[in-house]
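*Asks:* Sequence:
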Amino acid sequence: MTYIYWMLFWTTNEITIDMNTETPLLEQVNSVCCIERRLLMALNIKNLRIVSPAFTTLERIPKRYTSEGENISPPLEWSGVPEGTQQLILICHDPDAPLPHGFTHWIIYGIEPTVSQLAQADGSKFIEGINSENQPGYTGPAPPAGHGPHHYYFWLYALNNKLDLKPGLNREQLLDAIADHVIEQARLVGTYET
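Going by the working numbering, the first residue of the sequence shown is number 1, and it counts up by one from there.
One thing to keep in mind: the hints can contain errors.
[To be verified] SDA-like cross-link-like pairs, simulated, lysine to any residue; straight-line CA separation at most 25 Å:
id, residue 1, residue 2
1, Lys166, Gln135
2, Lys125, Asn160
3, Lys46, Ser79
4, Lys46, Gln135
[To be verified] Beta-carbon label-pair distances, calculated as ranges:
id, residue 1, residue 2, range
5, His147, Pro82, 28 to 38 Å
6, Lys162, Ala121, 21 to 31 Å
7, Gly84, Thr194, 34 to 44 Å
8, Gly80, Ala145, 18 to 28 Å
9, Glu193, Pro82, 30 to 40 Å
Source of the hints: derived by calculation from the structure; they are not laboratory data. Where is the CB? At the ideal position from N, CA and C, for every residue including glycine.
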């Protein structure tokens with residue numbers, strides 16, 4: 001038996017694979033309970049960059065963009081969109097939240113590759129997914145008091161296909177749908193604590 005190890009959002013899991021079978025490796029992995037396509041997504045980091053005029057990497061997110069403030073999405077800008085990109089997707093996720101899968105704050109997709117920025121509070125003109133409050137749109141950082149600093153990952157994905165994705169997907173559903181289509185991804189990480 002051989003073991004494959006993978007890491008996703010600070011969690012390590014072990015999968016047992018039988019190398020003495022004619023069943024293809026990927027088919028075995030996909031058949032394992034609770035293993036989904038998003039877990040096998042390759043990490044493709046090249047020239048794609050995402051930044052915010054409101055905060056820099058690992059800097060505290062201004063209060064106005066949190067649930068304690070105006071609860072509006074921060075302004076974002078990106079560059080280096082790879083050739084062949086047909087669609088962009090943005091996910092804001094907090095893996096530090098004390099929940100089994102962390103907390104998803106924002107999901108938007110259907111972003112044209114010619115778009116290079118979002119003004120603050122400007123996500124609703126795109127297709128919106130469902131955040132962890134089971135609502136569409138953005139909800140700002142609101143970590144438990146005394147829980148320490150949380151990290152908010154703004155992931156930008158460039159896709160090689162213009163997928164026909166219905167509104168209202170959650171993070172897991174969206175990542176499963178795009179797993180085979182990601183050309184490149186980039187992230188901006190902000191922090192916040194109460």
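*Asks:* Confirm or reject each hint.
*Replies:* To see whether the hints hold, each was checked on the structure:
1. Lys166 to Gln135: Holds: Lys166 and Gln135 sit about 15 Å apart, inside 25 Å.
2. Lys125 to Asn160: holds (22 Å)
3. Lys46 to Ser79: holds (11 Å)
4. Lys46 to Gln135: With a Cα-Cα distance of about 33 Å, the restraint between Lys46 and Gln135 is violated, given a limit of 25 Å.
5. His147 to Pro82: 28 to 38 Å: Hint holds: Cβ distance 37 Å, inside 28 to 38 Å.
6. Lys162 to Ala121: 21 to 31 Å: holds (26 Å)
7. Gly84 to Thr194: 34 to 44 Å: Cβ of Gly84 to Cβ of Thr194: about 42 Å, so the range 34 to 44 Å holds.
8. Gly80 to Ala145: 18 to 28 Å: Given about 38 Å between the Cβ atoms, the range is violated.
9. Glu193 to Pro82: 30 to 40 Å: Holds: the Cβ-Cβ distance is about 35 Å, inside 30 to 40 Å.
When the structure is compared with the earlier hints, violations turn up for hints 4, 8 and for no others.
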